[in-house]
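Asker: What follows is the residue order along each chain.
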Amino acid sequence: MTDLEEKLSRVLSGAAHGAPQAPDGLLATVKTRHRRRRARSTAVTAAAAVVLVAGGVGVVVNGLGVAGEPHPAVSATGEAGPPVRKVPPPVWKVWPQAVHKIPARLPDGRAYYPQLLLDDRTLLVMTGVGDGKRQYLWSYDLGTGRPRRIAEIPPTKGSAIFADGVAAGGGHIVWWASYKEKGGPRVARIWTVPVAGGRPRRVTDVPLGNVMKEGHIRELAVTGSDVVFAYEKGGVYRVPLSGGSPRPVQGAERHHILSWPWVGVHRGKAIFREVLNVETGERNEAAVKAGEEVRCGVERCWGIDVRYKTVKVDNRDSSGKKITCGDRPCPKTVRSRTVLRGFVRDRDGSHERDLPKDFQESSEAGLERFFQTSLLGPGDQLFVALYDAVTGRTADLGMRPDATGGMAMPDSGSDRLLAYKVGNEMYVLDLATIK
Amino acid sequence: MDDEPGFDDFVAEQTEALLRYGYVLTGNPHDAADLVQEALIRLCGAWPRVRRKDSPHSYVRTTMARLHISVWRRRRREHLTGAPPDRVHREVFPSEEEQGLWRELAALPRRQRAVLVLRYYEQLSDAEIAKVLGISTGTVRSQAFRGLDKLRSSLLSSMETHGSMR
Numbered sequence: 001m002t003d004l005e006e007k008l009s010r011v012l013s014g015a016a017h018g019a020p021q022a023p024d025g026l027l028a029t030v031k032t033r034h035r036r037r038r039a040r041s042t043a044v045t046a047a048a049a050v051v052l053v054a055g056g057v058g059v060v061v062n063g064l065g066v067a068g069e070p071h072p073a074v075s076a077t078g079e080a081g082p083p084v085r086k087v088p089p090p091v092w093k094v095w096p097q098a099v100h101k102i103p104a105r106l107p108d109g110r111a112y113y114p115q116l117l118l119d120d121r122t123l124l125v126m127t128g129v130g131d132g133k134r135q136y137l138w139s140y141d142l143g144t145g146r147p148r149r150i151a152e153i154p155p156t157k158g159s160a161i162f163a164d165g166v167a168a169g170g171g172h173i174v175w176w177a178s179y180k181e182k183g184g185p186r187v188a189r190i191w192t193v194p195v196a197g198g199r200p201r202r203v204t205d206v207p208l209g210n211v212m213k214e215g216h217i218r219e220l221a222v223t224g225s226d227v228v229f230a231y232e233k234g235g236v237y238r239v240p241l242s243g244g245s246p247r248p249v250q251g252a253e254r255h256h257i258l259s260w261p262w263v264g265v266h267r268g269k270a271i272f273r274e275v276l277n278v279e280t281g282e283r284n285e286a287a288v289k290a291g292e293e294v295r296c297g298v299e300r301c302w303g304i305d306v307r308y309k310t311v312k313v314d315n316r317d318s319s320g321k322k323i324t325c326g327d328r329p330c331p332k333t334v335r336s337r338t339v340l341r342g343f344v345r346d347r348d349g350s351h352e353r354d355l356p357k358d359f360q361e362s363s364e365a366g367l368e369r370f371f372q373t374s375l376l377g378p379g380d381q382l383f384v385a386l387y388d389a390v391t392g393r394t395a396d397l398g399m400r401p402d403a404t405g406g407m408a409m410p411d412s413g414s415d416r417l418l419a420y421k422v423g424n425e426m427y428v429l430d431l432a433t434i435k
Numbered sequence: 001m002d003d004e005p006g007f008d009d010f011v012a013e014q015t016e017a018l019l020r021y022g023y024v025l026t027g028n029p030h031d032a033a034d035l036v037q038e039a040l041i042r043l044c045g046a047w048p049r050v051r052r053k054d055s056p057h058s059y060v061r062t063t064m065a066r067l068h069i070s071v072w073r074r075r076r077r078e079h080l081t082g083a084p085p086d087r088v089h090r091e092v093f094p095s096e097e098e099q100g101l102w103r104e105l106a107a108l109p110r111r112q113r114a115v116l117v118l119r120y121y122e123q124l125s126d127a128e129i130a131k132v133l134g135i136s137t138g139t140v141r142s143q144a145f146r147g148l149d150k151l152r153s154s155l156l157s158s159m160e161t162h163g164s165m166r
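Residue numbers (full-length UniProt numbering), protein chains in the order written: chain A, 1 to 435; chain B, 1 to 166.
It is worth saying that the hints were derived from the structure and are not from the lab. Relax, there's no trap hidden among the hints.
To give an idea of the chain A side of the interface with chain B (calculated C-beta under 10 Å), a few residues:
1) Leu8
2) Ser13
3) Leu26
4) Arg33
5) His34
6) Pro185
7) His216
8) Val294
From the derived model, a few chain B residues whose C-beta atoms are all more than 12 Å from chain A:
9) Pro109
10) Gly138
11) Thr139
Here the structure is a predicted model, which means the values were calculated and not measured. For every residue, glycine included, the Cβ atom is placed at its ideal position computed from N, Cα and C.
Can you make the complete structure from the sequences, with help from the hints?
Answerer: Written out as structure tokens, the structure is:
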């Protein structure tokens, strides 16, 4: 590399730190817009489908070509709008014991990002993510509101990705950052620091290969005296906290970490259906019926029962003239996708119950039990609802779009923490307190 | 449950990295956010196919690079995001020279910049870049050469104006 090329490489990596944060409600927006586009295109084919029925061929496709699906109805203009829902009671009324409302900034004015709950009253947070060059980890006492600095995250010059995958266990905190040093390959460097505080220590450098194809690493966890992680493509590895080379975990070469020591595979539309306990060797294959698309946890699975059907469409109107879709001939078939229902049940198929219609397209919000989704309330206002599959209760998380119409969906990990900002407050939900 | 299992997770896990990539690609936080969002909408539509082939990473990154150099960017200024990115963005460079380089990058034509980003940020080979952008390796090389050449000459002229940076 020439001097200029090296400088360029450094500048680009450095500039990446100035990247914007995820726009509020990105996932919800992406899905809504995707559905809208799909609704638009199916609305066009629907015109052809009506003709087909009139022509007496006998295949009935409804207006969207997707019977029964909880998709937005298509209005006269062909523009979709989601249905309006009643807003459930606020989360602090439904589960008061679970909600901590704390200031969204530390006493010194820094913005912070909640990472995980270290225990019942201690939140691990990171500062400096968006507003500076120096990043710190803090433990935040939810009782007293006092932060305690644990460590500075070593600056990641020459890094494209910094401090990701924060996890804790056995008094240790771990995270990784991606590095590319002169002449060397790109690596994911794993760091550790005691929860009590101290100087972060490098655990190991994990070779990354072609990040564009293979992805990075994820699912870090501390287990005893080891750190475990999986490549994004699959493949579980273990490395001692004290350092050394990562070694593949036997039998988990294509696996992802579900919840240590449980690992599993993502196969088609069955995520973690097959799991393996790498400590005991116990295997489990969840009960899944044909047509079901599921994601499983250690104890439960949730998903939807879907039917796909390809139906032929006659693209002629009643006078026999060909209908076109825009400038092109209309497609000859329509693939209809019908969601029959959403469900959650134990891995062995027992204790099954239906997920409410609104939550068929929700995402897991924690503990294999809570689900969240954004819904449209009266006055076209978006809100986020949290559903508890055990008690069947639903709560409004209290988030509302800001003046610009944007809204941040809470991070939905599978752990007990659900944290999000509402105005100047941070709502910290400890889902483990909900019985 | 999401439409397509895994999509939500992919978005949750990859958004930050994609925004960084989008940011170095465009040099502008709003464009980065738009680009990521448009690429994710397209990925959402293609998810079952892309996921089966286990390549959502390269799909979305390729989509972003291509969208960026395509007419889409020029034609479509609809703000896709509900809200502008809320992170106060301030690039911090260790030297004025690097700051200058970042500024000069903004003056490059999109395709030249995209080639340089794929080469020096994503660390791709010229053959890989050719595939991503749908151009020949010869074009990759000439675009990279021209881009570097422009950066070099603007750096030189700014050094002449402001004196040496080092």
